[in-house]
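Asker: Construct the complete structure from the given sequences, taking the supplied hints into account.
Using the numbering used here, you'd call the opening residue of the sequence shown number 1 and step up by one each time.
FYI, nobody ran anything at the bench for these hints, they're computed from the structure. Don't take every hint at face value.
Claimed, not checked - Restricting the straight-line Cα-Cα distance to at most 25 Å, the calculated cross-link-like pairs of lysine to any residue (SDA-like) are:
#, residue 1, residue 2
1, Lys10, Asn26
2, Lys30, Val55
3, Lys29, Ile50
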Amino acid sequence: MQNITFYLLKGMLLQRKKPSIRFIRNIHKKDSALFRMQNRSRLRNKAEVIIMSIVRNLI
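Answerer: Next up, the structure:
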């Protein structure tokens, strides 16, 4: 899985939305948490569901 934080921020900048520092930190926390989860076991599908819900909340 790529770095979700980067893609979300890139998407926000493309939509001309200015992300707040708090927003970036929260997403980054979720991002690294998902990464750890994924390394622990095969929770890739669960991680993708969480990412998609984050992305949907942005749109």
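Asker: Return the numbers of the hints above that this structure violates; sort them in rising order.
Answerer: none
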